Amino acid sequence: MTGPAPDAGPALTVDSLDVTYRVRGRDRQALRNVSFDVARTEAYGLVGESGSGKSTVALALTRYLPRNGRVSAGSIRINGQDPMRMSGAALRELRARTVSMVYQEPGKSLNPSIRVGRQVAEVYEIAGLDRGEATDRAAEMLARVQIPDPRRVMERYPHQLSGGMAQRVVIAMAIAADPSLLILDEPTTALDATVEAEVLDLIAGLRAELNTSLLFISHNLAVIAKMCDRVGVLYAGELVEEGPAGQIFAEPRHPYTVGLLRCIPRRGQRKDHGRLDSIPGFLPQPGHTLPGCIFTPRCPIAEDRCHAAPPPPYDVGPGRTSRCYRHEETAGLPRNTPVDVELRSGPQTDSEPIITFRAVSKTFVSRGESVQALRGVNLAVQRGETLGLVGESGSGKTTLARVLLGLTAPDPGGAIELNARPLGGEVTGRGREQLQAMQIVFQNPDSALNRRHTVRQLISRPLTKLAGLSGAALRERLTDLVRSVRLEDRHLALRPRQLSGGLKQRVAIARAFGGGPAVVVCDEPTSALDVSVQAAILNLLADLQAKEQVTYLFISHDLGLVRYLSDRIVVLYLGRVMEVGPAERVFSGPHHPYTEALLSAVPSIDGSQPTRIRLSGEIPSAAEPPGGCVFHTRCPRRLSSGICESTEPPLAEAEPGHLMSCHIPIDQLTNLQGVGPVS
Amino acid sequence: MTTEIMVAPVTDAAAADLPSWRLVLRRPAFIAGLVILLFWIVCALFGASFAPHSAYEQSLLATNQAPSSAHWFGTDQLGRDVFSRVLVGARSILLVAPLATLLGTVLGTALGLALGYLGGAVDAIVGRLVEAVLAVPAVIVAFLFIVAIGPSTLTEILVIGFIFTPLIARTVRSAVQVESHLDYLPAARLLGESRRRIMFAEILPNVMPTVLVEFTVRLGYAIFTVATLAFLGFGVDPSTPSWGSDIYANYGVIGAGYWWETLFPALAIASLIVAINLATDSIEKVLAG
Amino acid sequence: MTLYILRRLGLAVITLLVLSVIIFLAGQVVPGDPGRAILGPFASQSAVAALDHQLGADRPLITQYWSWISGAVHGDLGISYQYRTPVRPMLASALVNSAKLALFALILIIPLGILGGVIAALNAGRPVDRMISLTGLSAATVPEFVSGIVVIVIFADGLKLLPSSANAGPGATFPTQLRYLILPVIPLVFEFFGYIARMARAGTIEALESDYARTATLKGLPRRTVIFRHVLRNSLLPTIAVVATQIGYLIGGLVVVETLFTYHGVGLLIYNAAQQKDFPMLEAGVLTIGVIYLLATLLADLLSVWLNPRLRTGVTG
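Protein chains in written order, with my numbering: chain E, 1 to 679; chain R, 680 to 968; chain Z, 969 to 1285.
For reference, chain E alone in the conformation it holds in the complex:
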């Protein structure tokens, strides 16, 4: 079952590729003059934000562009063959034997009406095997991607599989044909951190076994750094820089790459140690062409020649190119945001907590099953602090926020206090003062802003409803608010549709701060935004906190951001609090075994990570949580005495200010996790 005999050339050659889409009667170029090679058995990473055209590359390679798209120039050669020039039969052969693809959303990529086993076996049937043989080989392949009990899983339908399992099935289908080139388009973006780590390890392992070349497409720089030998950076449809992964990330030679890397917290960077940088400006409109270098509107060192003509790919080192006239000067690239941060008043640890959760639980009932999203959460939030909420899916972090805000009522028996006074369970039961005190910034501004309202209406509403302002006072406050989120007056008349993602999120933030809240919940506020924009939003949030003296509940799956922004951290797992403590302590250790595993699962650009801790199995279903310590089924440090299976550990103070829910005493954890003594 091998593909056609590989010739000596590279697995993939893309040469001066142009791809154009026809939208509403006009041509828009999505890719411009893109050239790169992927050698045999090499893993090549294509990095880019939204609008970079990276998915278009994948579609073009497999000749699956939508009807209004076409390759307008250039060529592609996969294993020496050009898919654009192939007949139907030859193209099918290429797709079946030589190229395979793994997609972003595994659930949707599998046919919901056909059993999973049949879908995998189909690949073998295309290769000519009969049904029985194909089924057997499919079972073997599923075992190879580490699916337990393959025969049983084969009988299931896709909706019965978890995200991680579904992606393994897709991977199995992809490598079944032993392809020369495996294209992966954001394969783990939709997965939880620990599951993602497993899948990435699987891919790396398979790659070693099978000698397949990988084209790995992602916006996540850390994942690319972990998985790829060489990297190409895409910006607005052009490949601006290319080279070995380690070098690109350590010493980038294009202003865009430099800017991009500065947007991400590196090496445990925290907000008091220097601001994240951001890249000013916006992506060019799709279809707008510039006479010169495409990055000039946003480049801090752009000169006349940059505006005049696009730079050629300069040879910057062995196997490295950069499309920048000034590539030698990128090391000292001026920042967009000053590094220094003004001192601000930190969390007031000596005063009464602003919010207290007492034994808060929340159970959802659906189709006769009851799911406990939160169980017995006890937490105190200090005035003025940023409390980071961390956890994977099913952890309950979103539910906790919703219960706090009154969007859903907690189970009877639990209580939440605001300024030492009890909060009504639902929004309708709360007074204006309480509503005024707590607001939220949602993850997705497209969903959170009413698309039919103008920005003025959106920001003014809380001023009227919560702050009770009108007339001149309203206008004054409105102007003040608009300034503080760095919008302009002319944005007020616009609707969300006419704004970019970053601007929309600013409107959402202005709305949240309009009523003068004391607490703002930030629910993944930058997850829907590009990396280059997220830093600006985070910096804005930090500045507003200083100015308005608010307390933040910061929810995120991105541990780097959480570490950057938070004073204290809460780690949740299946609705229970596993650990609460100062950010540095929780991150560097000693920490809860789950936190340990979570941290080791997250790839980092800077390379060396703590030893990888593999968690076995999947996250248990919240409908049937394990007994005893809820983490015991996957805990690598489970005690042999059996206490972890039988008894749920209390959330106890392991050291001052640091609580953990674990049977293992903290000094033992310190030894096991290899953490040095506290300095």
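Treat the hints as calculated values from the structure; they're not laboratory data.
Hints are not guaranteed to be accurate.
[As the list claims (entries may be wrong)] Here are some of the chain R residues that sit facing chain Z, going by a computed Cβ distance under 8 Å:
no. : residue
1   : Ala827
2   : Val890
3   : Leu911
4   : Trp938
[Claimed, not checked] Label-pair ranges, simulated between beta-carbon atoms:
no. : chain 1 : residue 1 : chain 2 : residue 2 : range
5   : R       : Arg875    : E       : Arg358    : 27 to 37 Å
6   : R       : Ala935    : Z       : Pro1079   : 30 to 40 Å
7   : Z       : Phe1010   : R       : Gln737    : 21 to 31 Å
8   : E       : Met84     : Z       : Pro1190   : 13 to 23 Å
9   : R       : Ile804    : E       : Ala652    : 47 to 57 Å
10  : Z       : Trp1274   : E       : Gly268    : 54 to 64 Å
11  : Z       : Arg1192   : R       : Val801    : 26 to 36 Å
12  : E       : Gly368    : R       : Val801    : 17 to 27 Å
13  : E       : Ser16     : Z       : Tyr972    : 50 to 60 Å
14  : Z       : Gly1043   : E       : Gly368    : 52 to 62 Å
15  : R       : Val801    : Z       : Phe1196   : 39 to 49 Å
Computed from a prediction, not measured in an experiment: that's the story for all the values here.
Glycine is no exception: its CB is placed at the ideal position from the N, C-alpha and C atoms.
Assemble chains R and Z onto chain E, guided by the hints.
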């Protein structure tokens, strides 16, 4: 504090493209539909003034005459000029149908908003009512009630309007349920907005495109229903020119070979409906993007 | 799963009860006095009162409703005002006739509609698609009596090919009956083909543009296999529900066609009953139509659930 973000050109693709109504006007299908519709509207308003003969005048000498230069569409059983009756007949349909549709749309939208947003018990109970009315074809429910109450223009408008209400409510309800998954609704609740305000100031503007399309679709259906009711003899006053009742009055003599008396009113109905369809189809296509 | 069936059944029963109340109100309450309605405005008050008493129209509304509905459940649908005979036998034979016509129509509509929709979807945006869509749309909203008349004028009176009445006469052979039903079926096909085609088209387009269709194509499967093995089974699922709704409407929608072609089916029966203010017949007829529609949609829901693995098995682990 430095100004970090360069304020970019905010006018993006949305402004560079034409607003929806302009796009609609460019479509030939829409223009064709609009022209036909306008023609009939003009007939409804001023038909009597430019019709060649009176639509009411009977002539016992000239009954059942085939189309000729004197009577372009021939005459009916009572000697009335069919062409004139067709022209003037537009009025009764174009009076009842739009009003009934408007009534149904207004009530249906309000009901759909309530059912979709409030959900729960309200939805379950009222839902049964909606399902019950929808279990029987509109025409039958209509004549059931017209028989019960007695035929009149007002009755027809009210009955058809009330029958359309659950139909439209169902569509609006689905659209509202789609909206209810978006975050701007909890954001509004967190501001302390009342349920009524959320339904009408937050959700309604977003489902307006659906309401608009429903209105135009139901308008076609209303014309269909009014014509059918007239055909079945439940229309208003048979001396008033009305396409449906003219067909009702004259289809008995088709067998005798007098086809023009029913065919031309039938074609008039067909043309009006096709016109509305073309317009609706264009509007739908543009709103779908 | 069984829980779902029971729930669905329960809801259907409640809907039916609500419908029966509506019909009862329209039939007994709104028109007022049945005695007066039968005897006319010139009869004496005592005669009217006597007839009312005989008909049981002077009892409390609840009692009247109860006796009607319990009678209906047991099969007693009352006595027709116009014919003075029990309603049930007439309704039953009318139902059989309507069923024949409806079945004939469905045999044409369903395959044509689905085929038309799928072909339109496979050629989306091209002339074939525009043609099918526009034809379906136009044909659907032109009232049945309009297309019926056009068809009669052309084929029956003009070309004299087919009869303009649908009644083949007693004892007619099957082929003869069919011949008589051809013209009536045409407006029905026009009416319903478009909607089914539209649903099939929408479902197929969605399936064609889905991620799993992309996966199937990129596996190297030929287009035909992708369509038949992967796309169709997902695209036709929503169409089934629609077909059932249309079946329900078809029974009632026969009113116009049956009137036009003087075919003695349920539609004509209801129509005559309405004209003659024969409320027992009218109510029984409308109730029957409602029952058929609710049954059809119930079956369609169950079929959908059974065919859709997601709903059948539920989500596990």
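How the hints compare with the structure:
{"no.": "1", "hint": "Ala827", "result": "holds, 4 Å"}
{"no.": "2", "hint": "Val890", "result": "violated, 19 Å"}
{"no.": "3", "hint": "Leu911", "result": "holds, 6 Å"}
{"no.": "4", "hint": "Trp938", "result": "holds, 4 Å"}
{"no.": "5", "hint": "R:Arg875 <-> E:Arg358: 27 to 37 Å", "result": "holds, 35 Å"}
{"no.": "6", "hint": "R:Ala935 <-> Z:Pro1079: 30 to 40 Å", "result": "holds, 38 Å"}
{"no.": "7", "hint": "Z:Phe1010 <-> R:Gln737: 21 to 31 Å", "result": "holds, 30 Å"}
{"no.": "8", "hint": "E:Met84 <-> Z:Pro1190: 13 to 23 Å", "result": "holds, 19 Å"}
{"no.": "9", "hint": "R:Ile804 <-> E:Ala652: 47 to 57 Å", "result": "holds, 51 Å"}
{"no.": "10", "hint": "Z:Trp1274 <-> E:Gly268: 54 to 64 Å", "result": "holds, 55 Å"}
{"no.": "11", "hint": "Z:Arg1192 <-> R:Val801: 26 to 36 Å", "result": "violated, 49 Å"}
{"no.": "12", "hint": "E:Gly368 <-> R:Val801: 17 to 27 Å", "result": "holds, 23 Å"}
{"no.": "13", "hint": "E:Ser16 <-> Z:Tyr972: 50 to 60 Å", "result": "holds, 58 Å"}
{"no.": "14", "hint": "Z:Gly1043 <-> E:Gly368: 52 to 62 Å", "result": "violated, 38 Å"}
{"no.": "15", "hint": "R:Val801 <-> Z:Phe1196: 39 to 49 Å", "result": "holds, 45 Å"}
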